[in-house]
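Residue numbers (the working numbering), protein chains in the order written: chain A, 1 to 419; chain B, 1 to 102.
One thing to keep in mind: the hints can contain errors.
With the C-beta cut set under 10 Å, the calculated list includes, among others, these residues of chain A facing chain B [unchecked claim]:
#, residue
1, 48
2, 63
3, 127
4, 291
5, 303
6, 377
Don't read these hints as lab results, they were simulated from the structure. Just so you know, these numbers come straight off a predicted model, no measurement behind them. The beta-carbon is built from N, C-alpha and C at its ideal position, and this holds for glycine as well.
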Amino acid sequence: MSDSQQKCVVIGASHAGVNLAFALRKEGWEGQIILYDADPELPYHRPPLSKTYLTNEEGMSATPLKSLESYERDNILLKLGVKVALVNAEEKEIVLEDSSVQAYDKLVLATGARPIVPPIPGLANVKNVFPLRTVADVEGIRNALGDNPNKSVVVIGGGYIGLEIAASLNKLGSKVTVLEREERILARVTAPEMSDFFHQLHVENDVEVLTGKNVTSVATENAKNNVVCSDGSTYPADIIIIGVGIHINTELAEQAGLTIENGIKVDATARTSDKDIYAIGDCTFHHNPHYDRYVRLESVQNAVDQAKVAAATICGKQVIYDAIPWFWSDQYDVKLQIVGLSESYDNIVIRKEKKDQPCFSIWYFSGDELLSVDAINNAKAYVVGTKFIKTNQSIDKVKLADNAVEFKPNNLIFKSNND
Amino acid sequence: MAKITFITSDDETIVVEGTSGSVMELAVEHNVKGIDGDCGGVCSCATCHVHVKPEDMTKTGPASEIETDMLELDDNADEYSRLCCQIEISDAIDGVELTVAK
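So that you can see chain B by itself, here it is in the shape it has in the complex (with noise of 0.2 Å):
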């Protein structure tokens, strides 16, 4: 079980439970804005980025080679971006707080 914060672009604060599944899933079932995740979760279409609270990136580990070079795509990424769809629900990740990018 792990419990995420959201925060969207409205600064809404979303605060969810998962235990299984990637991020992207868990945001799309309670309706996240800004999370769209149209590839369905294949790393294909950049449309789950977040930003990583600084200090929860050791939780979260950094992104892969695949979604570093995806993220080029958008000019808002920076070192604490993800595409939460590779992010997977765990224990391993409770606590954890996403800022959805603009």
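This is chain A alone, in the form it adopts within the complex (with noise of 0.2 Å):
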């Protein structure tokens, strides 16, 4: 256990750092836990910024993740707005932009990421040009929307944030085209009959979804904008959504001197290779011993997950990180549940329900094993497919497609004829 002179340093206050502060109190840490982040605002939830916060026509703030008294009750210093220079592990200390240093006994990196901004020719002399990771960018984007939201949008990106950003500015009345440059959106992370859904729920929601588009270029005229894409077909935009994905923040582990695969590499208790020197969240690479593999997730599961091992093993008890991922995306009224990594299945099994709205589920297998599931409208397939990776007990694919098998995990065990 701890003295009170000790101090653990948080660099990165969004949900894995801001989960790893109040943790540690949990499990006993009296030392001081100082948050560094340099986004001024108040800790927030980031996941509704491209959803609720973006449509939501009060003008509230972002939904905080801890409020201002609960950090004051824990003894938790927030230090906002504050950027961290570099990391001196030697002295283990850390130096702030203003050149003054600030020692830790244990330090914590939750850098997490920040949005890809392609070097396409033209878009830096865009004035509204946005990603979407921060509470300003949405400020940026509201403002840029103004008192008139019927503007015409390109989204450069397909990709769950694009959608996301596609569907709310829809509903709040703009016009809007996403630009993807493979063959289907969503290409990387679902099959494709998950990516026709989608592609199918915005063209009927008046979002216009292009695949095979490459931009190339942004021609701007007399303040109008136009992208380029290499096919030469072109695309009025007042404003510019960039969703193309997002670089990892390791400067700082770099000069620290940690060492970095594809992320910040941790172990099982998320320490890095130096033994005072933590990483979690969007940031690191670690092993998840159920998929037995390397990974690096951007999610919320794996930010507060790796926070509550990190801070366990800081206060130095025996846990190990040994968490199925999982994921959400809501656009319009569909809710789309994720568990699991469906990376390297072979075959899928798709199961719809009987209702009115869409209401279904995609499994994906590596021969009979269930690797994830894609669930659409449909917690039951979502939490039932969680106990099936959990227990990595055998999936009966007939009686899963058949939606006139009750949707129980008894029901859908696999039994050999000799049982």
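Grab the two chains, each in its own frame, and use the hints to assemble them into the complex.
Structure, rendered in structure tokens:
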């Protein structure tokens, strides 16, 4: 157990960093906890930014992760709007951008990621270009919409973030066009059937979704922007949204000399290659025991679960990270819930429920091993899938696909003829 | 205005008042132990599980279909379980007592 003289410094106050700070107190850390973030806002939930927060008309503030009072009560020192310039691991101190120095006994990197802004010629000349990762990005979009949201918006990138923003801006009254470079939207993360579903959903809501569109430049004349694609097509845009992925923030970790692969490499306790430095959340490259491989995840689940593991370890407890990843996305009235990691699947089963609204699930397998489930308006599929993945139980694919078989784990367990 | 009583797993009783938003948001605002609300209140994470005092069920109403399904992830769920991000604060729930699930 630490004594009250010890200092735990956390860089990054989003889901991972904030949860870590509170988890440290819960685990009995008696020393100081100092939480830094360059973002001046009271730490907030990021997932709603592209969804409800963007469409909220009352101009409410973002949903805080914790109230200011909670930080005070748990004696967590918040240093917001402060950028950390470097980490000196040998001296066990960090240097802030004003050159002041803060010593640490334990350091936690929860540095997350930043949106990629691709080097598209002409893009830098456009006034209203926005990624979406922070409250400031949302404010920028809102200001650009002004009093008249009936504007032409081009979203570059048909991934979850791009599609969520497309749905939100469509709801506000903008004319939205999504340009996706691949032959289908969500190509990296879902089966073609799910891509088709979301493509149709957006088209039905009057969002134009165009695939195979490689943006090559933006031409601006008389304050009118045209997004130009390699096939010669052009799309007018009052506002351009960039949703093409993220760069993880590893600069501080690099300076500290930590091992970096596809993210800051950490062990099962979220410890980096330096015994007094931990890393948690989107910035980490960590081993997932269930899938037995190293992964980097951009998710709330991973941020929270790694935060808990790191906090317990710092307080001397024996725990390891062993979580099944989960994700969600909300677009229009459709709720997508995902459990597991579908990468390297080789066959799928689709189960459609007998309902008026879309209600179905896609089950991803490698051979007979269930890897993941995408559930559309179907929490039951998500829950049943989670149970099967956790228990590694074999699933009867024929029964699974038959919506006349009641959706309960016991009904779907595979029984061989010999049983 | 609704007065809501939370009983945490440490048997701490916390009485708070709210006027709008969800019960989960109110609990997080007041640092009620055991109510995390990791997903921000969209019924995706099941980290805001409470047991409603049986006689207060008429005020809160029963869990919706998606809540009931999500609650199946928790072995401690029972007929009085709700995910409190799905309970809207209004005069109608004034006086309810909620025990935070273990």
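For each hint, the structure was consulted:
For residue 48(A), the shortest C-beta to C-beta distance to chain B is roughly 5 Å, which falls under 10 Å, so the interface hint holds. At its closest, the beta carbon of residue 63(A) sits 5 Å from a beta carbon of chain B; the interface hint therefore holds under the 10 Å criterion. Given the 10 Å rule on beta carbons, the hint for residue 127(A) is violated: about 31 Å separates it from the nearest Cβ of chain B. Checking residue 291(A) against chain B by beta carbon gives a least distance of about 20 Å; that is not within 10 Å, so the hint is violated.
For residue 303(A), the shortest C-beta to C-beta distance to chain B is roughly 9 Å, which falls under 10 Å, so the interface hint holds. Taking 10 Å as the C-beta cut-off, the interface hint given for residue 377(A) holds, the closest approach to chain B being about 8 Å.
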